[in-house]
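Take a look at the letters that make up each chain.
4 protein chains.
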Amino acid sequence: MNEKNTNKLKILNDPIYGFITIPNALIYDLIEHPYFQRLRRISQMGLSHLVYPGAHHTRFHHALGCMHLMQKTVRILKFKGVEISDEEANALYIAILLHDIGHGPFSHALEQSIATGIHHETISLKFMEALNEEFKGKLTLAITIFRGDYNRKFFYQLIASQLDMDRLDYLKRDSFYTGVSEGNINSERLITMLNVKNDDLVVEEKGIYSVEKFIVARRLMYWQVYLHKTGLGAEKLLEKVLLRAKELVFEGAKLPASKAFNYFLINQISEENFNSATLKIFAKLDDYDVLASIKEWISNKDLILSKLSENLINRKLPKVELQNHPFTKEEIESVKKHLKKTFNLNDDEVNYLVYSGKISNQAYDSTKSTIKLVFKNGDVKDVIEASDHLNIQALSKPVNKYYLCYPKK
Amino acid sequence: MNEKNTNKLKILNDPIYGFITIPNALIYDLIEHPYFQRLRRISQMGLSHLVYPGAHHTRFHHALGCMHLMQKTVRILKFKGVEISDEEANALYIAILLHDIGHGPFSHALEQSIATGIHHETISLKFMEALNEEFKGKLTLAITIFRGDYNRKFFYQLIASQLDMDRLDYLKRDSFYTGVSEGNINSERLITMLNVKNDDLVVEEKGIYSVEKFIVARRLMYWQVYLHKTGLGAEKLLEKVLLRAKELVFEGAKLPASKAFNYFLINQISEENFNSATLKIFAKLDDYDVLASIKEWISNKDLILSKLSENLINRKLPKVELQNHPFTKEEIESVKKHLKKTFNLNDDEVNYLVYSGKISNQAYDSTKSTIKLVFKNGDVKDVIEASDHLNIQALSKPVNKYYLCYPKK
Amino acid sequence: MNEKNTNKLKILNDPIYGFITIPNALIYDLIEHPYFQRLRRISQMGLSHLVYPGAHHTRFHHALGCMHLMQKTVRILKFKGVEISDEEANALYIAILLHDIGHGPFSHALEQSIATGIHHETISLKFMEALNEEFKGKLTLAITIFRGDYNRKFFYQLIASQLDMDRLDYLKRDSFYTGVSEGNINSERLITMLNVKNDDLVVEEKGIYSVEKFIVARRLMYWQVYLHKTGLGAEKLLEKVLLRAKELVFEGAKLPASKAFNYFLINQISEENFNSATLKIFAKLDDYDVLASIKEWISNKDLILSKLSENLINRKLPKVELQNHPFTKEEIESVKKHLKKTFNLNDDEVNYLVYSGKISNQAYDSTKSTIKLVFKNGDVKDVIEASDHLNIQALSKPVNKYYLCYPKK
Amino acid sequence: MNEKNTNKLKILNDPIYGFITIPNALIYDLIEHPYFQRLRRISQMGLSHLVYPGAHHTRFHHALGCMHLMQKTVRILKFKGVEISDEEANALYIAILLHDIGHGPFSHALEQSIATGIHHETISLKFMEALNEEFKGKLTLAITIFRGDYNRKFFYQLIASQLDMDRLDYLKRDSFYTGVSEGNINSERLITMLNVKNDDLVVEEKGIYSVEKFIVARRLMYWQVYLHKTGLGAEKLLEKVLLRAKELVFEGAKLPASKAFNYFLINQISEENFNSATLKIFAKLDDYDVLASIKEWISNKDLILSKLSENLINRKLPKVELQNHPFTKEEIESVKKHLKKTFNLNDDEVNYLVYSGKISNQAYDSTKSTIKLVFKNGDVKDVIEASDHLNIQALSKPVNKYYLCYPKK
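Protein chains in written order, with our numbering: chain A, 162 to 570; chain B, 162 to 570; chain C, 162 to 570; chain D, 162 to 570.
Among the hints, a few may not be true.
Which copy is meant is left open, because identical chains are indistinguishable; a pair holds if it fits in one copy or across any two.
Subject to a maximum C-alpha distance of 30 Å in a straight line, what follows is the list of computed DSS-like cross-link-like pairs (lysine-lysine) [to be verified]: (1) K498 <-> K468; (2) K358 <-> K480; (3) K519 <-> K397; (4) K171 <-> K241.
Since the hints were derived computationally from the structure, they do not count as laboratory data.
Let's have the full structure, built from the sequences with the hints guiding it.
Here it is, written out as C-alpha cells:
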C-alpha cells in the first residue's frame with residue numbers, strides 16, 4: 162500500500178456524480194477555509210424549496226460539483242490531445258471552485274434590497290484576492306483566468322460562457338434536487354464531446370442535438386423552476402421584508418439581527434466602500450442570519466414588518482398573476498385601492514403588499530460567448546447556423562413576462 | 162390474508178417503472194397466449210444494438226410498459242373526475258397491450274423487402290380479431306377503440322396520437338436501454354398533467370415546457386438513435402440480404418430457412434391473400450428465424466448473398482454518407498463504377514452494395530392528432546399557438562436527409 | 162375537464178418518488194399549518210451534511226415521503242383484499258405525517274443538553290392534540306392509532322415497528338441525499354410484498370431476501386452514516402456548545418439568542434412543566450435559532466464557548482477514536498492532562514474538549530415488533546426463523562463501540 | 162483540435178456506466194473480431210428473461226462493462242501509488258474483456274446436456290490463444306495473467322476472485338436489467354476503496370460495510386434471480402429438450418438444426434478432441450441456432466421432443482417445488498406414476514417430464530480467494546475476522562435447496 166497520498170486527497174460521496182475527488186492539498190485547504198465553508202450555509206436556490214421541497218442543496222455543493230466537472234473536462238481534452246499543464250489544470254479547478262464564493266444569502270433578493278451597491282461577482286474576486294494573499298500567491302493564475310485575462314481564451318470559456326461548468330452543474334443539480342427531471346441534462350455526455358479548435362471551446366458535430374436539448378432544458382428550468390410563480394412570489398416577499406427592515410432601521414428603529422446582518426442593514430454598501438473589513442463582515446453573513454432575524458421580526462411592533470415576516474416564515478405567500486404584457490397602472494391601482502380601504506393602509510404601506518414587475522429569459526443568446534460546433538472537415542459554426550432547423554434561432558429571442566403580486570384573500 | 166386475488170394478478174419487476182401490475186385474469190391470459198409470447202423474440206429496436214449495445218429490449222416489454230402507463234393515465238384521469246368505466250378501462254389496457262402485436266421481426270427491413278404487401282397495423286388487427294374469437298368476444302370494445310370507432314374520441318388519442326401511450330413508453334424505454342439519456346422523457350410527469358376537455362385529450366397549461374421538451378427529445382432520438390448512420394447502414398444491409406434471398410428463391414434456389422420464414426420467401430404476400438392460415442404462419446416468425454437463416458447463408462454459394470450475410474453477422478457495416486441534399490446520379494454511378502471494376506461485378510450485383518435514399522423526420526406534425534393545451538380559463542389551444550415562442554412551429558417542419566451506402570475500403 | 166378536485170389536491174415533485182400526492186383538503190390544511198411548515202427548517206440529519214454535503218433534506222420532506230409510502234401501502238393492501246375504510250386510511254396518513262412533528266432542531270444533541278427532560282415523541286403527541294382541537298376532532302382516530310390504542314394492531318405496526326413507513330422512507334431518503342447508495346432500500350418493492358395475517362403486518366415468503374437486505378442496509382447506514390466518526394464528533398461538539406451555553410446562562414450570563422431559544426436555555430423543561438404555552442414557544446424553535454446563535458457566540462468573551470462555537474461553525478471538528486472496548490480512565494486522563502497543561506485549563510474546562518462514550522446499534526431486534534413472514538400454506542414465522550441462514554440471528558446481537566474525542570493537534 | 166486519436170478510440174453509450182471508453186486500437190480490433198462479436202448473440206442470463214422481461218443483455222455487453230471497471234480500478238490504484246505499467250494495464254483490459262469469450266449459448270444447460278465434456282473457461286483460453294496467434298503475440302501477457310501465472314498475484318485477483326471485475330459488473334448489470342434493485346451493488350464505490358498490500362488486492366477498512374452488503378446482494382441475486390424457481394424450471398426444461406434431441410440424433414433421427422449446432426448434436430465433444438477445427442465451429446454457435454432449431458422441433462414427430470419444445474417456446478413452464486431437504490424416492494415415483502398412467506408414458510419418457518435435483522449457493526467462500534481488508538495500521542485481515550459481527554461467517558455456510566419439476570396440471 163502506497164502512502165504517497167496524504168489525508169488531504171479525499172473522495173467525497175455525491176448523490177449526483179457518485180464521487181467527487183479532491184485533487185490536491187492546496188484545494189483541500191481552500192475548501193476547509195472558513196470563507197469557503199460558509200457556502201455550506203447558503204442555499205443554492207434561495208426559497209425555491211417552498212415550491213420544491215427537495216431543493217435545499219447549497220452553494221458549497223454546487224462549487225464542488227463544478228470542480229468535479231472541470232476535472233472530467235480536463236481529462237477529456239487531454240485525451241483528445243489538447244495540451245493543458247498541471248499548473249493550468251489546477252488553476253482551472255480553483256477558478257471554478259471559487260467562482261461563486263461572493264454570493265451572499267438569498268443573493269437576488271439581497272441585491273435588490275439591502276445590498277444594492279455591489280455585485281456578487283465583484284465580491285468573488287475580492288475573496289479570491291484575500292485568499293491569494295493568505296495562500297502566498299498560489300491563486301494568481303486562477304484569478305487571471307477568472308478575470309478573462311489568460312492568453313488561452315477557451316480557459317475563460319470553461320469558467321464563463323453559455324456552456325461553462327457552472328451551467329453544466331447547476332442545471333443538472335437543480336433538476337436533481339427539485340425532482341423536475343425534464344431539466345436533467347447529461348453534463349457528462351456534453352463534456353465527452355468538447356474539444357478545442359483555434360483556441361475556442363467547441364462541441365463536436367454529433368453533439369448538436371445534445372446542445373439543442375441543453376438549451377431547451379435551460380429554458381424549461383427557467384420558466385418552470387427559477388421563475389416559478391410561487392417561488393417568485395416568495396422571493397419578492399423576502400425583498401419586501403428586507404426593504405421594510407432597512408427602512409425602519411434608517412428611521413432609527415433597532416431590529417434584532419446578528420452583528421453581521423445588522424451591519425448591512427445600517428450601512429449603505431457600494432463597490433467603493435466595500436473594503437477588506439467589509440469583506441470580513443460579509444464573510445460572516447449567511448442564510449441563518451437572515452432567516453433567524455426574520456423569525457424574530459414576526460413579533461415586531463411595526464405591523465408591516467411583522468405581517469410580511471410572518472407570511473414568509475409560515476409560507477402564506479402572495480398571489481401571483483403572470484401575463485405576456487405589462488399590467489396597466491389602472492389595474493395595479495385598483496388592487497391597491499381595494500387593499501388600502503379594506504386594511505386602512507397608507508400609500509407607503511400598500512406598496513409592501515402590492516407590486517409588479519417583469520421577468521425574462523433568453524434560452525440562448527446568439528450575441529455573446531456562443532456555443533460553437535466543429536465539423537469533421539474542421540469548419541466551426543455557431544450552433545444556430547449548424548442546426549438543420551430554425552428552432553435554436555427561435556430560442557434566441559428573449560421572452561418577457563409580467564407579474565402582479567398581492568395578498569391572498 | 163385475503164385470497165381474493167388469484168395467481169393471475171401478477172406484479173412484474175421492471176427496470177424502468179419499478180413494477181408493472183397485471184390487472185386481471187383476462188389480460189393475464191392474453192399475455193400468456195403464444196401470439197403475445199412471440200413478442201419476446203422480437204427486438205424493439207431491430208439492429209440498433211449494433212450501435213447501442215444495451216438496446217436488446219423486446220416488443221413484449223414495450224407492450225407491457227404501454228399497458229402500465231395506460232393504467233397510470235386511467236387512474237389520473239379518474240382522480241380528476243373523468244368518468245371511465247371498468248369495462249372501458251380494461252378495453253384501453255387491451256388495445257394498447259396489443260397495438261403492436263402485428264410486428265414481424267425487423268419490421269421495417271421486412272416491409273421493405275420480403276413482405277411488402279401488408280402493413281403491421283393491419284396484422285395487429287388480424288391478431289386481435291383472432292384472439293377475440295378465441296376469447297369469445299371479450300376484446301370487442303378494445304377493437305372498436307383501436308379502430309378509432311369508439312364514440313369518445315380521447316380513447317383513440319390515448320392509443321394513437323402525438324402524445325399516446327406508445328410514444329410515452331418507447332421514447333423513455335429506448336432512451337433507457339441505449340443509454341442516450343437526453344432522450345429520456347418524464348412520461349409519468351406528462352401523464353399527471355393530462356386531462357380531458359370536450360372529449361379531447363389535453364395537457365394542462367403548466368405542462369407546456371414538458372411538451373416542448375418531449376418534442377425535442379423525440380427529434381433527438383430520431384437523429385441520434387433511430388436514424389443513426391451506422392444503424393441505418395445495418396438496416397439497409399439487412400434489407401439487401403433479404404432482397405437477395407428472395408431473388409434467389411424466385412430463381413429457384415433452395416435456401417436454408419425455418420418453415421415459417423421460407424413461406425414468406427417463397428410467397429408474395431398482400432393484404433388480400435393474408436388469411437387466417439397466413440396469420441398462423443406469421444405467428445411463428447421472429448428474429449430467431451431471420452438471423453439463424455442469415456448465419457447459414459454465410460456459406461451459401463451465391464457470393465452476393467454470402468458476402469452480405471457475413472457482413473451483417475460480423476458487423477462489417479457499410480460506410481454511410483449523410484447530407485442535406487440528394488446525391489447526384491453521377492456521384493452514385495461513380496462509386497458503382499469503381500466497385501464494379503475492382504470486384505468484377507455486374508449491374509445487378511453492384512446494386513446490392515451501393516444504394517442511396519432519403520430519411521426524414523418531423524418532430525411535431527401540426528396537421529393531425531396534435532397536442533392540445535387547456536388553460537385555467539378553459540380555453541384549448543394547439544401547443545404551437547400556446548407556446549410563448551416560435552420554436553415548436555420551427556420543429557413542425559419536416560427535416561430530410563440523404564444517404565449513400567457503400568462497402569468500407 | 163372536471164372541477165371536482167379543489168386547489169388543495171396537489172401533486173408535488175419529489176426527487177425520490179417522482180410525485181407525492183396530497184390526497185385531501187384536511188391533509189393539505191395540516192401541511193400548511195405553521196406547526197408543520199416549521200419542519201421545513203429542521204434538518205432530517207442534523208450535522209451529517211458536514212460529512213455528506215448533499216444531506217440537507219428536512220423533516221418536512223421526510224414526513225411527506227412517509228405519507229406517500231403509506232398511500233402506496235394502503236393501495237396494495239386493499240388490492241390484496243385487506244379492508245381499510247376511507248376514514249381509517251386517512252387516519253393512517255395523518256398519523257404518519259405527524260409522527261415526527263415533535264422533533265426539535267438537532268434533536269439528539271438538544272435532548273442530551275438543554276432539553277433533557279422530555280422526549281420528542283411526547284411532544285409529537287402534544288402537537289397532534291393541539292391540532293386536533295384546532296381541527297375539531299378530525300385527528301382523533303389518527304391519535305388513537307399513533308398511541309397504539311386502535312383495535313387493529315397492524316395499523317400501529319405501519320406507524321411504529323421494525324418495518325414501518327418511517328424506516329422505509331428515512332433509509333431510502335438518507336441514502337439518496339448522502340449518496341451512500343449501499344443504503345438504498347427498495348421501499349416500493351417491500352411494500353408490494355406486504356400483507357396482513359391474523360391482524361399482523363406480514364411480508365410474503367418470497368420477500369425474505371429483501372428483508373435481509375433491508376436489515377443489512379440499516380446496519381450499514383448506522384455505522385457508515387448516522388454514527389460516522391466525523392459526524393459523531395460534530396454532534397458531540399454541538400452538545401458541548403449547548404451545555405456550555407446553558408451553564409453560562411445558569412451562572413447569570415446573557416447570551417445572544419432568539420426568544421424561543423433563550424426560553425429553553427433559561428428554563429429546565431420536563432414532561433411535567435411542558436404545557437400548551439411551552440408548546441407554542443417550542444413551535445418557534447428550529448435550526449436557524451440554534452445556528453444563528455452559535456455564530457454569534459463565536460465572539461463571546463467566554464473562551465470555551467467561543468472556541469467550541471467557532472470550531473463547529475468553521476468545521477474544525479474534534480479527532481475521534483473508535484474502538485470495540487471502552488477507553489480506560491487512564492487513557493482519558495492522560496489526554497486531559499496533556500491538554501490542561503498545554504492550554505492552562507481547569508478540570509471543568511477540559512471536560513468540554515475531551516469526552517468519551519458508547520455508541521451502539523442493533524440491526525434487528527428479535528424481541529419486539531419483529532418482522533414476520535407469511536408462507537404459502539399460511540404459516541407465519543419471525544424472519545429469524547424463516548431464514549435459511551443464521552445471518553439474521555447474528556445481526557440481532559447489538560454492536561457497541563466506544564469513542565474518545567479531543568481537539569486535533 | 163488534435164488528431165492524435167484515431168477512429169478506433171471510441172466512446173460508447175452505456176445505460177449503466179454512462180460511457181465506456183475503448184482505450185486503444187488493439188482492443189478495438191479485438192472487439193471487432195467475429196469471435197468477440199459473436200457474444201452479441203449470447204444472452205448473459207439465458208432464459209431469465211422469461212421471469213424478468215428486461216433481462217436481455219448479452220455477454221458482449223458484460224465483457225465491455227468488465228473492461229470499463231478494470232479501467233477505473235487501474236486508475237484508482239495508480240492514484241494511490243500502486244505501480245502498473247501501460248503494458249500491464251493493457252493486458253488486464255484484454256484478460257477481463259476475453260475472460261468469458263468461451264461461453265456458448267445457454268452455457269449451463271448446454272454443459273449439462275450436449276456439450277458435457279468441456280468447460281467454458283477452457284474454451285476461453287483456446288479462443289485467446291487463437292487470437293494471440295492472429296494478433297502476433299500481443300495477448301501473451303494477458304494470457305499469462307488469465308492463467309494465474311503472472312508474478313504479481315493481485316493481477317489474477319482482479320480477474321478471478323471473490324471481488325473481481327466479473328462479479329462487480331455482473332451483479333450490477335443483472336440487477337439493473339432485471340429490475341431487482343436490491344441486488345444493485347455500488348461497484349464504483351467498492352473500486353474507490355481498493356488498494357494493494359503485500360501484492361494482495363485489499364479493501365480499505367472503511368469499506369467493510371460495503372463488502373458485507375456486496376456479499377448479501379450476491380446471496381439475494383442467487384436465490385431471487387439466478388436460482389428463481391420459474392427460471393430454474395425453464396433452464397431444466399431446456400436441458401431436457403437438448404438431451405432428448407441428442408438422444409434422437411444418436412438413434413439416427415435427423416433434426417433440423419444449423420450446421421454448427423448439428424455438429425454438437427452429432428459429436429461427443431471432450432477436452433481432448435476439441436481442436437482448432439472444433440473451435441471454429443463452436444465460434445458459429447449462438448442463441449439463434451439453439452432457439453431457431455427448437456422452434457422447428459415443435460412440429461417434430463417425436464412427441465416428447467415436440468411437447469418439450471413447444472412448452473419452452475410458448476412459456477408453458479413446469480411447476481417447480483423447492484424445499485430444504487431432498488425429495489424422497491417415493492415422492493418422486495408417485496408423481497411419475499400418476500403421469501405415466503394419465504398420459505400413457507413409458508419410463509424413459511416420464512423422465513423428461515419429472516425430474517429433481519439440488520441447487521446451492523455459498524454467499525461467501527471463506528476458503529479461497531477471500532476478500533481481505535487493510536487497516537490504518539497496515540494490518541490485513543480476512544473480512545470474516547474483520548467484521549464486528551458473526552454475520553459474514555454465517556453467510557459462508559453453503560445453502561442447499563432441492564427441487565422437483567413436473568408438468569402443470
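Going through the hints against the structure:
Proximity of K498 to K468 under the C-alpha cut-off of 30 Å is restricted to the intra-copy arrangement: shortest distance 19 Å within a copy versus 55 Å between copies. Taking CA atoms no more than 30 Å apart as the test, K358 paired with K480 passes between copies only; the shortest distance there is 26 Å, against 50 Å inside one copy. For the homomeric pair K519 and K397, the shortest alpha-carbon distance inside one copy (12 Å) is at most 30 Å, but the shortest distance between copies (49 Å) is not. In the homo-oligomer, the alpha carbons of K171 and K241 lie at most 30 Å apart both inside one protomer (27 Å) and across protomers (11 Å), since each shortest distance falls under that limit.
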